[in-house]
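A.B. asks: Please work from the sequences and hints to get the whole structure.
Those protein sequence lines, which keep their order, are chains F and B. Note that my numbering has the first sequence beginning at 1180, numbered continuously upward. Note that my numbering has the second sequence beginning at 1180, numbered continuously upward.
If you're looking for bench data, these hints aren't it; they were derived computationally from the structure. Don't take every hint at face value.
Which copy is meant is left open, so a pair is good if it fits within one copy or across any two.
Stated by the list, open to error - Here are the simulated SDA-like pairs of lysine to any residue, each with C-alpha atoms no more than 25 Å apart in a straight line:
1. Lys1202 / His1518
2. Lys1202 / Ala1262
3. Lys1202 / Ala1252
4. Lys1384 / Ser1207
5. Lys1384 / Leu1543
6. Lys1384 / Glu1289
7. Lys1384 / Leu1290
8. Lys1384 / Gly1340
9. Lys1384 / Ser1540
10. Lys1202 / Thr1280
11. Lys1384 / Ala1615
12. Lys1384 / Gln1541
13. Lys1384 / Thr1394
14. Lys1384 / His1518
15. Lys1202 / Ala1259
16. Lys1202 / Arg1248
17. Lys1202 / Arg1602
18. Lys1202 / Asp1537
19. Lys1202 / Ser1219
20. Lys1202 / Glu1590
21. Lys1384 / Glu1206
22. Lys1202 / Glu1265
23. Lys1384 / Gly1208
The chain contents come next:
Protein chains: 2
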Amino acid sequence: DEGGLLGSWQRRNTDATLSHCLKQLEESGNLDNLRRITDSAPAAFRGMWFADSDVYKTLEAVAWELGRRPDTALEQFLDATTALLERAQDSDGYLNSYFQTDHRDQQWAELVWSHELYCAGHLIQAAVAAARSGVGDRLLRVARRFADLLVDRFGEGGTDGVCGHPEIETALVELYRVTGHRPYLDLAARFVDLRGHGLLGDEPKFGARYYQDHTPVRDADEVAGHAVRQLYLLAGVVDVAVETGDASLLDAATRLWESAFDTKTYLTGAHGSRHRDEAFGDPYELPPDRAYAESCAAIASFAWNWRMLLATGGHRYADELERVLYNGIAGSTSLDGTHFFYSNPLHLRTGHDGSHEDAPSQRLSWYSCACCPPNLARLMASLQSYVATTTEAGVQVHLHTAGRIATPHGELAIRTEYPWDGRVTVSVTPATPGAAWTLALRIPGWCESATLDGVPVTGEYAEVNRVWEPGDVVRLELAMPARVVAGHPRVDAVRGCAALLRGPLVYCLEQADLPDDVLVDDVTLDARAAVDVGAGDLAPVVLRVAGTHRDPAGTPLYEPLAASAPGTPIALTAVPYFLWANRSPGAMRVWIPLTA
Amino acid sequence: DEGGLLGSWQRRNTDATLSHCLKQLEESGNLDNLRRITDSAPAAFRGMWFADSDVYKTLEAVAWELGRRPDTALEQFLDATTALLERAQDSDGYLNSYFQTDHRDQQWAELVWSHELYCAGHLIQAAVAAARSGVGDRLLRVARRFADLLVDRFGEGGTDGVCGHPEIETALVELYRVTGHRPYLDLAARFVDLRGHGLLGDEPKFGARYYQDHTPVRDADEVAGHAVRQLYLLAGVVDVAVETGDASLLDAATRLWESAFDTKTYLTGAHGSRHRDEAFGDPYELPPDRAYAESCAAIASFAWNWRMLLATGGHRYADELERVLYNGIAGSTSLDGTHFFYSNPLHLRTGHDGSHEDAPSQRLSWYSCACCPPNLARLMASLQSYVATTTEAGVQVHLHTAGRIATPHGELAIRTEYPWDGRVTVSVTPATPGAAWTLALRIPGWCESATLDGVPVTGEYAEVNRVWEPGDVVRLELAMPARVVAGHPRVDAVRGCAALLRGPLVYCLEQADLPDDVLVDDVTLDARAAVDVGAGDLAPVVLRVAGTHRDPAGTPLYEPLAASAPGTPIALTAVPYFLWANRSPGAMRVWIPLTA
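C.D. replies: So, in structure tokens, the structure goes:
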């Protein structure tokens, strides 16, 4: 299985998701919106006023994809869309189809909701991807013209302003990395420090916390507000901190990371406990049913953790990277690659209807606010970038997957069935036979017992520091028993429940695995019974465990506390969370009540 | 204690809340908005576009109050405001300060959000209260002129339209009851039947369920959408069903009542599980922390249950009437009578900040959308109306409270400390000595053991059918031990918890009763220990029970399921929920985790 599970996700992205996104951009009017600026195009603007960002995210995905392999259709899309952007861009560099057409008078007038800088950020990220893939000098020039305008307008001595939706910060640092042009970094740093001083005003319905303008990030001690906004901001904060060597800013990011991951993260790695404002809640407020858990927030968390890992080498960041990838992110896309969740709850009741709040019980092919699908596409198209890192000292493998990794120290050929199996075999072909360097293979935080070439190893990475010769093989074995986990006692919403995990995967119960007359709402888990690992139709590994079914018919809503009525034993099958809702829409739960 | 606890609430309303509302209507601009129509008044419209309804609710409260006792200040307010309305009203009867001033072109243009009929309904209810109190012929004429316009415009053969916010339905039936004018009833019936056919369109963000336009009420089998809208509608549905003798409509109301009270009602009687759309959630979705539980929804539930009780005599309706009054409603007002909750959660974590979503940790003196305070005032001013009913067969006492009840059959003098004590002594002075009739005293659903004059009684009402002579005394004794209750197994959010109740009162733990270093977030209840009843500073009866404190510092967010770490025994004091947040803002919980 070339590339393993991660590779299969990339292939699905290649084969289905990317072309689906291209088609949707036409059908939903995103490209026509841009054509309206200079070309003959249909009458009305369509979609959200920040619909350009969907084009840019898709461009970014296409650019990453073209960095991996040639593709005529994708090249044509990149060329045609770049040409369209070139025509559409104002002579001063401004580019935004909503404000350039019917709302010219509002240009730059209301940064709090305009998403102009947000859209600019995604344009820049697409250009950065194209530059790194070596396929898009023209796109980079478009992005730089806009970025130069931003520097002129918002740089030191210019307008004090920040965008209601962070994104521009990380984009500008990335553009600085690609171009070496310092003003981009300086502007990113300025945006970070201007935030939290009330420039956006008090959002009337949600409060200034909604867009993280309630307090400067250096003073904040709690992640708050709209989850995607908060997490995009923090990715940019780390970027700025690293590139400017600003230790206190990195300290702030670390402190906020602890707030997020110690008190406000779902078991799937997802974020956002409230639908009302798509926001973080109070610490430990993590309802599985009302999890907003937006796909974009999971992607943002992935980006933030990747940056924290690079900045610090910290092991917990790799754990969170893996957790959110295999669960919060992976569950967003259907097996066919063309349907997506916007919200990713950990519990769906029988009969739930959440279609009016972007929490349907089935993945949809697109959304009126379609931020998530092309966001997933751009991550999947670049997934290989997050597998390993290299330093002068050697190679560090963070995400175990089958495949080949080329590094300055040599090539690694990795065979593994991970995440279904914990055995990882690495064959090394050193660039310089006889050279000494360290191969570090991550031991995930969930793993309680690992061996390296049969010898027990502990720590965060299994390190092999040796002189490498062609044909050297290292075998890591991560024990991967099923695990039964509980929530922190303050996580009220999962009290009396447990969840099943194995390796990096969270499992769930689905109605599809139960008889029609046994609702998933009415089963409990016997945690004293052993969890058996078996093969399933939906996944190579499913978990089987004993449970109890109780029909609660006739039970009042509230009644005197008493011992549970006896129930009927039932065999339960748990499937990987990331695969749920691929057979039929139906009830699901990650957190399973415990049999008393 | 004349009037008991209910009487004390009425006195607080008299002494503090009513004058507070009058003051706020001036300060917040509600009266100025009306003055802008014809008088010289400040420049701009202030507040919500339906701010007139706050004036009408206050007028209704004042009218009920004047029916109880004379009050010069309140009479002046009634007269002056009525005169203002007379001047402001259009010649055709239209009256709405938002649409008569700056938005005349939008009059009747957008019923979905305009609240024009909603405001008209509250005007009518104020007029009905004035008529019933014998204080407001002029106000009744104003209301009738508007109602006649509505009949012309929306009656049979007129415009097919319904209001986005139900309220007009029950108001029109009440106006029919006061005037005997059948077209008012017919219009109410028409509004009920026009609803659910898509006249309002699909609300883009919340769906048509938000305003109960997704399905006709006769076909609905689940309460849904915005809780206040749903519950006001159902009060009107029962009114229409009763006055038109429409059994199938009453069946629909009964079916929806079961949906609400079997699956979607908080232990406090409150409704509304979601902040996002102030809405009911899925069945059994009842998170204590995220309870929206709007004060107005509790008042609406009270109104609906009262109508169901009158329509059917059903005992469960009286139970819910009592439950929501003593908990969901009573908790909304501060001890000083001038601060109010909009949202009434059953759980507030340490450090919670919900001020931006009308869920602050302290009651506020007013709100930008101030629907709740004057709504509470109008209920409290008319509370005596809901204590008992009379029929040819006798007198039925539904809410036990100290006081005197005058009926055609005679006068009842009731002595009791209810709800603190379950003994109720009724002295009867019959209107006609020697006449036979039945005195029925409610045995609440929560009561498991009752005696009448020392003899055990069961059933829904303790009935005394006898020939009454002056000085006859009946003694009802309701056993009132503390109760420990659990939620239905599908109420996921309270799994592993219990709540303490006594009589009709729900109790809660407050941080104010714990040492500073013991957070209410970290205590559990030992349900095997006895619950002791004691006297407290905050309330005549508090509950004391054994618990355990565990400091969770260092506990990861998720960890392998294991037995709880041992904790420290701690004595817990639970206080009546309706009194919470009167000492200091702080954490609170109704549902207490059980010691494992």
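A.B. asks: Compare the structure with each hint and give your call.
C.D. replies: Against the structure, the hints come out as follows:
{"no.": "1", "hint": "Lys1202 / His1518", "in the structure": "within (13 Å within a copy, 56 Å between copies)"}
{"no.": "2", "hint": "Lys1202 / Ala1262", "in the structure": "within (18 Å within a copy, 64 Å between copies)"}
{"no.": "3", "hint": "Lys1202 / Ala1252", "in the structure": "within (12 Å within a copy, 69 Å between copies)"}
{"no.": "4", "hint": "Lys1384 / Ser1207", "in the structure": "between (29 Å within a copy, 19 Å between copies)"}
{"no.": "5", "hint": "Lys1384 / Leu1543", "in the structure": "between (29 Å within a copy, 17 Å between copies)"}
{"no.": "6", "hint": "Lys1384 / Glu1289", "in the structure": "both (17 Å within a copy, 23 Å between copies)"}
{"no.": "7", "hint": "Lys1384 / Leu1290", "in the structure": "both (17 Å within a copy, 23 Å between copies)"}
{"no.": "8", "hint": "Lys1384 / Gly1340", "in the structure": "within (21 Å within a copy, 30 Å between copies)"}
{"no.": "9", "hint": "Lys1384 / Ser1540", "in the structure": "between (28 Å within a copy, 17 Å between copies)"}
{"no.": "10", "hint": "Lys1202 / Thr1280", "in the structure": "within (23 Å within a copy, 49 Å between copies)"}
{"no.": "11", "hint": "Lys1384 / Ala1615", "in the structure": "neither (60 Å within a copy, 61 Å between copies)"}
{"no.": "12", "hint": "Lys1384 / Gln1541", "in the structure": "between (30 Å within a copy, 19 Å between copies)"}
{"no.": "13", "hint": "Lys1384 / Thr1394", "in the structure": "within (18 Å within a copy, 30 Å between copies)"}
{"no.": "14", "hint": "Lys1384 / His1518", "in the structure": "between (32 Å within a copy, 21 Å between copies)"}
{"no.": "15", "hint": "Lys1202 / Ala1259", "in the structure": "within (14 Å within a copy, 65 Å between copies)"}
{"no.": "16", "hint": "Lys1202 / Arg1248", "in the structure": "within (21 Å within a copy, 73 Å between copies)"}
{"no.": "17", "hint": "Lys1202 / Arg1602", "in the structure": "neither (40 Å within a copy, 74 Å between copies)"}
{"no.": "18", "hint": "Lys1202 / Asp1537", "in the structure": "within (21 Å within a copy, 43 Å between copies)"}
{"no.": "19", "hint": "Lys1202 / Ser1219", "in the structure": "within (20 Å within a copy, 60 Å between copies)"}
{"no.": "20", "hint": "Lys1202 / Glu1590", "in the structure": "neither (38 Å within a copy, 79 Å between copies)"}
{"no.": "21", "hint": "Lys1384 / Glu1206", "in the structure": "between (33 Å within a copy, 22 Å between copies)"}
{"no.": "22", "hint": "Lys1202 / Glu1265", "in the structure": "within (21 Å within a copy, 61 Å between copies)"}
{"no.": "23", "hint": "Lys1384 / Gly1208", "in the structure": "between (30 Å within a copy, 21 Å between copies)"}
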